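Peer 1: Make the full structure from the sequences, and use the hints.
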Amino acid sequence: AQSVTQLDSQVPVFEEAPVELRCNYSSSVSVYLFWYVQYPNQGLQFLLKYLSGSTLVKGINGFEAEFNKSQTSFHLRKPSVHISDTAEEFCAVSARGYALNFGKGTSLLVTP
Amino acid sequence: EAQVTQNPRYLITVTGKKLTVTCSQNMNHEYMSWYRQDPGLGLRQIYYSMNVEVTDKGDVPEGYKVSRKEKRNFPLILESPSPNQTSLYFCASSLGVMSDEQFFGPGTRLTVL
Chain A
1 AQSVTQLDSQ VPVFEEAPVE LRCNYSSSVS VYLFWYVQYP NQGLQFLLKY
51 LSGSTLVKGI NGFEAEFNKS QTSFHLRKPS VHISDTAEEF CAVSARGYAL
101 NFGKGTSLLV TP
Chain B
113 EAQVTQNPRY LITVTGKKLT VTCSQNMNHE YMSWYRQDPG LGLRQIYYSM
163 NVEVTDKGDV PEGYKVSRKE KRNFPLILES PSPNQTSLYF CASSLGVMSD
213 EQFFGPGTRL TVL
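Here the protein sequences come in this chain order: A and B. Per this note's numbering, the first sequence starts with residue 1, numbered consecutively. Per this note's numbering, the second sequence starts with residue 113, numbered consecutively.
Derived from the structure by calculation, the hints contain no laboratory data. Just so you know, not all the hints are guaranteed correct.
What the hints assert, rightly or not - Facing chain A, a subset of chain B residues (Cβ under 10 angstroms, in silico):
(1) G152
(2) Y176
(3) S206
(4) L207
Model, not experiment: these values are computed from the prediction. All C-beta atoms, glycine included, are put in the ideal place defined by N, C-alpha and C.
Peer 2: Laid out in structure tokens, this is it:
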């Protein structure tokens, strides 16, 4: 089975500063990796995914993530955050024959 | 507009009173799934369906039932709700394969007294 660990439960950051949200996964087979965002009182929205090929993937709203197979990581980054980026971020992993497994989430708190 | 809808959005009920949360998608997706979200636990999958009449258990299926009689609908049934089923529930759908992103509904906040 696959599993995901989000290393930070909460990440406070000032507006216009860069941010990195960490995600590590565990799997014995090749995986697909996702990031989803949940804004307050809303459902989850797809942010980006890694399937294969280029290890740097770009998503919506200026977010990007880098797949690192040797470190089994898929960290999410944004070079300059806005107040509107305040949300809960979820890393998720799936593999052929297995359902999607979510991490416990990281709360991104952007302050002025 | 492509969307996943859930009803009701909020529900307060009492222990043992059967309830159904409906989920419908208009994207002709084959895969549908139910999750519950609890503080500190993230999202956990309850049940999923790969296609009409095909359903399977997720990580936390106890106390829940589902059915998939039509492609667009995937209701979640709590035959005898208990307080530990108080949670935020999300329905999701996708084209079908594991590499596809899922589209989520707005959520149903359920309180069982």
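Peer 1: So, for every hint listed, does it hold in this structure?
Peer 2: Here's how the hints hold up against the structure:
1. Residue-level restraint check for G152(B) holds (minimum Cβ-Cβ distance to chain A is 6 angstroms; threshold 10 angstroms).
2. Proximity of Y176(B) to chain A is violated relative to the hint, the smallest CB-CB distance being about 15 angstroms (cut-off 10 angstroms).
3. A least Cβ separation of about 9 angstroms between S206(B) and chain A falls short of the 10 angstroms threshold, and the interface hint therefore holds.
4. Of the supplied interface hints, the one on L207(B) is violated, with its beta-carbon coming no nearer than about 12 angstroms to a beta-carbon of chain A, more than 10 angstroms.
Checked against the numbered hints listed earlier, the structure breaks hints 2, 4; every other hint is satisfied.
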